[in-house]
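> Starting from the given sequences, assemble the full structure and let the hints guide the process.
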Amino acid sequence: MSGAFPAPYGGHVPVLKLGDVLLVTLQGDLHDSTAEQLQQDISQAVADHAVSGVVLDISGVEIVDSFLGRVLAEIAAKAGLLAARTVLAGMRPAVAITLVELGLTLPGLRTALNTEDAMRLLGVEVPRSIPGAAPGSPRPGRTRQESP
Amino acid sequence: MPEQQASGHQQTPEHTVGDFLLRRREQIAQRWADAALFRTVFTVSRDEAAEAGRAVVEALAATAAAGRVEDPGASAFAVVREQLARTAAARTRAGAGTTQISAEVDALRPPVAELLLADLGDVPADYSRDCVTALTVLMGTLRLVVLETALSAGQDLIDRQRLQLLEATTPVIKLWEGIVAVPLIGTLDSARSQVVMETLLEAVVDQHARFAILDITGVPTVDSLVAQHLMKTVAAARLMGAECIVSGIRPAIAQTIVHLGIDLSSVLTRSGLADALAYALRQQDADLDLSAARGASTR
Chain H
1 MSGAFPAPYG GHVPVLKLGD VLLVTLQGDL HDSTAEQLQQ DISQAVADHA VSGVVLDISG
61 VEIVDSFLGR VLAEIAAKAG LLAARTVLAG MRPAVAITLV ELGLTLPGLR TALNTEDAMR
121 LLGVEVPRSI PGAAPGSPRP GRTRQESP
Chain Z
1 MPEQQASGHQ QTPEHTVGDF LLRRREQIAQ RWADAALFRT VFTVSRDEAA EAGRAVVEAL
61 AATAAAGRVE DPGASAFAVV REQLARTAAA RTRAGAGTTQ ISAEVDALRP PVAELLLADL
121 GDVPADYSRD CVTALTVLMG TLRLVVLETA LSAGQDLIDR QRLQLLEATT PVIKLWEGIV
181 AVPLIGTLDS ARSQVVMETL LEAVVDQHAR FAILDITGVP TVDSLVAQHL MKTVAAARLM
241 GAECIVSGIR PAIAQTIVHL GIDLSSVLTR SGLADALAYA LRQQDADLDL SAARGASTR
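Residue numbers (the working numbering), protein chains in the order written: chain H, 1 to 148; chain Z, 1 to 299.
Because the hints were derived from the structure by calculation, they are not lab data.
A couple of the hints might just be wrong.
So, partial list: chain H residues that the calculated Cβ filter (under 7 Å) puts toward chain Z [to be verified]:
id, residue
1, 23
2, 91
3, 99
4, 103
Per the computed footprint, the stretches of chain H lying under chain Z, defined by three or more beta-carbons under 8 Å from a beta-carbon of chain Z, are [what the hints assert, rightly or not]:
id, stretch
5, 61–70
6, 79–90
Simulated coverage check for chain Z against chain H, where a stretch passes if three residues somewhere in it have a Cβ under 8 Å from a Cβ of chain H [said to hold, decoys possible]:
id, stretch
7, 188–202
8, 232–238
Beta carbons are placed, not taken as given, at the ideal position from N, Cα and C, and that holds for glycine.
Take a look at the structure:
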């Protein structure tokens, strides 16, 4: 089976533990079998480390289909059963539109603009950038914008 | 003159007309300068109108000489096509309809026919009739060319304006740090709704906005399709981690929505843009307080 459809390069998705939170960063196209493996990895990691939250960063994902949408919902449901909250971070506009058109609004799944916001949502203290500046935008960028 | 007429008998009527047009182009151009089509467009000077008329006569002469009086795609027309397009466009802007432009082009024919008959002199009746017919066909082709350019210019204008409308009607405004708003004005159709959704979501990413406000004060009617698009936009914004607030639903629209049985309970609504902004600011403050409190407790 996996011989007929070899997993693409980087088929394994790393699950990182940051304190009380698991950080999972998805990049590029996700193969179906990789997604299945990821579900197991996350469940296992949540159970092993007894974390309180999972951050799924999908800012590197350009295309989703109904399968991946379901996988995301299932990951959240499984983590929820293991008493961990899941936050979906950094979804791209095109991906959001596709999911909505597919009718997958992922109810009950928490979302955030980026990983920083997602961490904050899970109660992890992340120092804020300069007050008034857009989160994540460096100071030089801001001063350059303001001087005409 | 007599030799010319003698040689004219051997020529085809088209060639005779072509020769005649080339020979008499000054006279024809002067007469056309007074015709409605040229007079109303080239208002600056009569010479300019005559100049434009001369260019058209020359194109007609070349077309007739090539024996292609019935062909609107004749190469000679290509030279004057742009000028004709500008003339037709100017008439359209002045409020002339297609019928009127057509009549004005047709009005160019009688003076030329008159000149042609006088010019032919005493040739056999059937030959002069053939010449006049050739001229009539040629002028008909000119009319076709003018109308063709007028219509294609109108289509271009419509296409361009539709594009401009799509671009101009969806400004995304940054109201506050992390709060963007789209004031919608005018009727929403699915193409526009799509553009609104895309621009709003792009703005959410660019501005790191946690709140997006859709203000529909300027939308005259809301039907089930528009409501569905609003709900889709709200759902997509939520997926991206932003909260979407719909504001400015007028009483009549609220009534319509209830009558249609559309369930907007999943959408956060506020009566006006100001209320929506106030809500977003309060939420942001609460978040800040919360994280500050958390930070204090962990330290």
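> Hints first: check each against the structure and report whether it holds.
How the hints compare with the structure:
1. A least Cβ separation of about 16 Å between residue 23 (chain H) and chain Z goes past the 7 Å threshold, and the interface hint is therefore violated.
2. At its closest, the beta carbon of residue 91 (chain H) sits 5 Å from a beta carbon of chain Z; the interface hint therefore holds under the 7 Å criterion.
3. With its C-beta approaching chain Z no nearer than about 6 Å, residue 99 (chain H) sits inside the 7 Å limit, and its interface hint holds.
4. Of the supplied interface hints, the one on residue 103 (chain H) is violated, with its beta-carbon coming no nearer than about 9 Å to a beta-carbon of chain Z, more than 7 Å.
5. With 0 residues carrying a beta carbon less than 8 Å from a beta carbon of chain Z, the stretch 61–70 of chain H misses the three-residue requirement, and the given coverage is violated.
6. Interface restraint, the stretch 79–90 of chain H with chain Z: holds (3 residues with C-beta to C-beta distance below 8 Å; minimum three).
7. Evaluation of the coverage hint for the stretch 188–202 of chain Z: fulfilled, as 4 residues show C-beta separations to chain H shorter than 8 Å, against a requirement of three.
8. Proximity of the stretch 232–238 of chain Z to chain H, defined as three or more residues with a beta carbon under 8 Å from a beta carbon of that chain, is established by the 5 residues found.
Hint violations for this structure: numbers 1, 4, 5, all remaining hints satisfied.
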